[in-house]
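Kindly produce the complete structure, drawing on both the sequences and the hints.
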Amino acid sequence: MNTIRYVLSVTWKELQLISKDRGSLGVLFLLPVLMGSLISAPNLMAMNQAADATIELQVALVNQDRGVFGTEVAKALGGIKELKVETLSDVAQAEERVAKGGATAAIVFPSDFSQKIDAHTPTQVQVIVDPAEPESSSIVTGIMNQAVAEVAIWGEVQYGIRSLLDQSGLLAGASPDQRRAIEAQNLGVIMTRLNEMRRSPVIAVVSEDLTGATVEENWVVRYLAYVFPAFAVMFIFFIVGMAAASLLSERETGVLRRLAAAPIPRGAVIGGKMLAYMALACLQTIVLLGLARSAFGIPLGHSPVALVALTLVVAFTATALGMLVAAISATSKQADSLGTVLGFVLAGIGGAIPVNPQTMFFRAGGLVGLLARLTPHGHAVDAFNRVMAENATFMQVLPQIGIVLAMGIVFYLIALWRFRFEG
Amino acid sequence: MKAFSVAWKDISIFLKDRGSVVQLLLLPLLFIVVMSGALGSIGQRGPADTRILLPVVDLDGGQAAQTLLKGLETAGGVRLKHYEQAEALDLLAKAELQRVLIIPAGFSSGLAEQRQSTLRLVNQPSASAAQTEAVRLVIDGVARDMALEVEILASLEQMGEMMADAPREYQEALSVERSQAQARKQFESSRTSPLVTVKQSVPRKADEAQSPEITPDAGNLAVPGFAVLFVFLAAQATALSIFAEKKSGSFRRLMAAPIGKLSLLFGKVLPNFLTALVQMAVIFAFGSFGLRLLGLQSASLGKDPLALLLAVVLIALCSSALGLVIAAIARTESQASGLSSLMLWVMGIVGGCIIPLFALEMFLGPVPKIVPHYWANRLLDNLMIRGLGMADVMTEMAALLGFTVLFFVIGMWRFEFE
Numbered sequence: 001m002n003t004i005r006y007v008l009s010v011t012w013k014e015l016q017l018i019s020k021d022r023g024s025l026g027v028l029f030l031l032p033v034l035m036g037s038l039i040s041a042p043n044l045m046a047m048n049q050a051a052d053a054t055i056e057l058q059v060a061l062v063n064q065d066r067g068v069f070g071t072e073v074a075k076a077l078g079g080i081k082e083l084k085v086e087t088l089s090d091v092a093q094a095e096e097r098v099a100k101g102g103a104t105a106a107i108v109f110p111s112d113f114s115q116k117i118d119a120h121t122p123t124q125v126q127v128i129v130d131p132a133e134p135e136s137s138s139i140v141t142g143i144m145n146q147a148v149a150e151v152a153i154w155g156e157v158q159y160g161i162r163s164l165l166d167q168s169g170l171l172a173g174a175s176p177d178q179r180r181a182i183e184a185q186n187l188g189v190i191m192t193r194l195n196e197m198r199r200s201p202v203i204a205v206v207s208e209d210l211t212g213a214t215v216e217e218n219w220v221v222r223y224l225a226y227v228f229p230a231f232a233v234m235f236i237f238f239i240v241g242m243a244a245a246s247l248l249s250e251r252e253t254g255v256l257r258r259l260a261a262a263p264i265p266r267g268a269v270i271g272g273k274m275l276a277y278m279a280l281a282c283l284q285t286i287v288l289l290g291l292a293r294s295a296f297g298i299p300l301g302h303s304p305v306a307l308v309a310l311t312l313v314v315a316f317t318a319t320a321l322g323m324l325v326a327a328i329s330a331t332s333k334q335a336d337s338l339g340t341v342l343g344f345v346l347a348g349i350g351g352a353i354p355v356n357p358q359t360m361f362f363r364a365g366g367l368v369g370l371l372a373r374l375t376p377h378g379h380a381v382d383a384f385n386r387v388m389a390e391n392a393t394f395m396q397v398l399p400q401i402g403i404v405l406a407m408g409i410v411f412y413l414i415a416l417w418r419f420r421f422e423g
Numbered sequence: 001m002k003a004f005s006v007a008w009k010d011i012s013i014f015l016k017d018r019g020s021v022v023q024l025l026l027l028p029l030l031f032i033v034v035m036s037g038a039l040g041s042i043g044q045r046g047p048a049d050t051r052i053l054l055p056v057v058d059l060d061g062g063q064a065a066q067t068l069l070k071g072l073e074t075a076g077g078v079r080l081k082h083y084e085q086a087e088a089l090d091l092l093a094k095a096e097l098q099r100v101l102i103i104p105a106g107f108s109s110g111l112a113e114q115r116q117s118t119l120r121l122v123n124q125p126s127a128s129a130a131q132t133e134a135v136r137l138v139i140d141g142v143a144r145d146m147a148l149e150v151e152i153l154a155s156l157e158q159m160g161e162m163m164a165d166a167p168r169e170y171q172e173a174l175s176v177e178r179s180q181a182q183a184r185k186q187f188e189s190s191r192t193s194p195l196v197t198v199k200q201s202v203p204r205k206a207d208e209a210q211s212p213e214i215t216p217d218a219g220n221l222a223v224p225g226f227a228v229l230f231v232f233l234a235a236q237a238t239a240l241s242i243f244a245e246k247k248s249g250s251f252r253r254l255m256a257a258p259i260g261k262l263s264l265l266f267g268k269v270l271p272n273f274l275t276a277l278v279q280m281a282v283i284f285a286f287g288s289f290g291l292r293l294l295g296l297q298s299a300s301l302g303k304d305p306l307a308l309l310l311a312v313v314l315i316a317l318c319s320s321a322l323g324l325v326i327a328a329i330a331r332t333e334s335q336a337s338g339l340s341s342l343m344l345w346v347m348g349i350v351g352g353c354i355i356p357l358f359a360l361e362m363f364l365g366p367v368p369k370i371v372p373h374y375w376a377n378r379l380l381d382n383l384m385i386r387g388l389g390m391a392d393v394m395t396e397m398a399a400l401l402g403f404t405v406l407f408f409v410i411g412m413w414r415f416e417f418e
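Taken in order, these protein sequences are the chains called A and B.
Here this note's numbering is used: the first residue of the first sequence is 1, the next is one more, and so on.
Here this note's numbering is used: the first residue of the second sequence is 1, the next is one more, and so on.
It is worth saying that the hints were derived from the structure and are not from the lab.
Any given hint could be a false lead.
In the PhoX-like style, the derived pairs of lysine-lysine whose C-alpha atoms are separated by at most 20 Å in a straight line are [to be verified]: (1) B:185 - A:116; (2) B:9 - B:261; (3) B:247 - A:20; (4) A:100 - B:369; (5) B:185 - A:333; (6) A:333 - B:9; (7) B:81 - A:116; (8) A:100 - B:303; (9) B:247 - A:333; (10) A:333 - B:16; (11) B:70 - B:185; (12) B:9 - B:247; (13) B:199 - B:9; (14) B:246 - B:261.
Encoded structure:
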């Protein structure tokens, strides 16, 4: 009973000290909140407001074609909300605009664009993109691919009709106007039929889960259900340096020696410190996941038990790693630096720096996946993501919880063995 | 001279702190490796195969299924592997496969009769949502093209029916058989020689006759972005060094020594400036040579080495001046370490070091422009990625110089020596 009281006393004292360190609290709480928000907001805006696009990419358009196809595509591009089209007359001017970062891309229709389509000769639309904006460039190129696909269909059908009529010799004596009128009439009929059919395509693609239920894939929300727990785990492990430095600075100032002389078990001192940092880690997770849910509508899954267990286990393991760092460091400054470096390196390898969906290394195969699964971060973020995005139950993530806990116990035992109260 | 002695002493202390050396020099490289996708290529022999594995169960085995599979192979982005249905579903249930494409029995005959067929992409719950979306888009694209062919043939058939009342010579000229044969001929030719294509290129340089067809590489952007982020993070070191000296009383002792205040400050700021220069040299060397060793496209250092050198010096100066401001404003250790760290990270993120500026500007508007990181990023992007020269980056250089002067003025004005 006394030991518990001692542990809680040390915890309370440590929490008071932590609460005064506003700088570190800012790093532990505000930084992940800001980073999570800055990554989430553009993704959510792009997803929620697709109809009322907020992305507006500056595009320079040079239409050297005077024919119908160039004119029609240029007109269609002007109506696309994602593009802010500026029409220029000179290719070099448009290219220079892109080269200097004044436009995301320049779209150039060659002077013989319509003529070549009419003659059924392959032609090319040039999209000159800004190498410093690969994401925006791929959006513009994607839009252009769709736009030219429509033109290509039109051109192919037109050519087909003309070929058939020419082969039949029906229009041998017809004037150019009569030819055009007959071709246009047939083209209009076919394109009307075709567009009606394309509304209900003959090949459908459905994405479904193992039960056969259609997956209403919202990968943005699933990605964000990775972003927030990843930042939570990454910043929980920033406690490593803080906890280690705190313990060692007490040793450097002689506080630990005095405590060792007091009738308090040494384990209670370590335990009290660990409990304080565990509480801090839990609070970090609550704040970050709370923000994810309330401000960004990110699902938290159906298993609060799994979330609580994961949070506690990750908090324990981070704190135990902090004790281990304290045990192997000579000074508090060294422990602080080592803790910070470990925090970044483990987060990087474990897939807890969620700048894009490709950094989910714990789901990858090969050496990358293996390395990620050697870190507590990899297992922890994977488990959080499974619970939040895939509604995994406690039992389904129990293996990951067990692995993270086992790592924590190993760190703790090594720390106990190596730590010296007297430096 | 005295200032150099102060600086040398600080550099000696810094070099002994291996943790800080690792933080400032190796962490940026770690970030670049993670963000550029280099991690994915580690341990692979030869060029990395980045295509997503797409297991396929072909229950049809007909001509249309073969066309679909050939289309998927040609479309790129996915690597096909054939499975029997039972085996695939078993591996899927065990999470040993992430997803399976099932081509239904009767797919080919259904298409021939213009009946709707459904391709099922069955996903493991743990499959990466982004990869699933990418795979679905590839299948969608190939299926859409195949469907289009069927739909065109059907449209021609309908048109043939509509011509029942037309003169006989027209009916013969545009008969279903003739028009469908013509369409099939065109389908074949459009596969090898599409009528309209999009050619993506990047702006040509002065010595290039044509715009080079290069796909912009997001990995290359990581090099200037993280160089800027970490060079500015080093600003904290100046503040912490001054704060530690004030706390231990050695700053006061230095004040009593025969050394001018300006020399003293210069001596404290100089190590940060030199560290920033070394940081950028290490990062750029890694970008040029290290990324290539990892099998990635190396980062370009641009076409104007003099402008790049000047940019590096300006960014290092700006970071040092910012360090002076932090040292002047911070009143407690917590402010000098934690809060300044927070501020520098936020400035880095807002300034486009991690998140692309176009995405940030979507909801932050002109806000990024108020941090020096924004101008430093633009400066390095313009020189290294866009390949521009000195004359084209005057605005960015002027903005950075402006920030530097402003920071020095604020730092000197607010600095309390006692």
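Going down the list of hints, with the structure as the test:
For the proposed pair residue 185 of chain B and residue 116 of chain A, the alpha carbon gap of about 19 Å is at most 20 Å, so the pair holds. For the proposed pair residue 9 of chain B and residue 261 of chain B, the alpha carbon gap of about 17 Å is at most 20 Å, so the pair holds. For the given pair, residue 247 of chain B sits about 18 Å from residue 20 of chain A by alpha-carbon distance, which is consistent with the 20 Å threshold. For the hint linking residue 100 of chain A to residue 369 of chain B, the alpha-carbon distance of about 17 Å falls within 20 Å, and the restraint holds.
The straight-line distance between the Cα atoms of residue 185 of chain B and residue 333 of chain A is roughly 75 Å, outside the 20 Å bound, and the hint therefore fails. Proposed proximity of residue 333 of chain A and residue 9 of chain B is supported: the alpha carbons are some 18 Å apart, at most 20 Å. For the hint linking residue 81 of chain B to residue 116 of chain A, the alpha-carbon distance of about 40 Å lies beyond 20 Å, and the restraint is violated. With a CA separation close to 14 Å, the supplied pair residue 100 of chain A and residue 303 of chain B stays within the 20 Å bound.
For the hint pairing residue 247 of chain B with residue 333 of chain A, the CA-to-CA distance comes to about 15 Å; that is within 20 Å, so the pair holds. Annotation: proposed proximity of residue 333 of chain A to residue 16 of chain B holds, straight-line Cα distance about 11 Å (limit 20 Å). Between the alpha carbons of residue 70 of chain B and residue 185 of chain B the distance comes to roughly 18 Å, so the proposed pair stays at or under 20 Å and holds. For the hint pairing residue 9 of chain B with residue 247 of chain B, the CA-to-CA distance comes to about 17 Å; that is within 20 Å, so the pair holds.
For the hint pairing residue 199 of chain B with residue 9 of chain B, the CA-to-CA distance comes to about 57 Å; that exceeds 20 Å, so the pair is violated. A hinted pair counts as satisfied when its Cα atoms are at most 20 Å apart, and residue 246 of chain B with residue 261 of chain B qualifies at roughly 14 Å.
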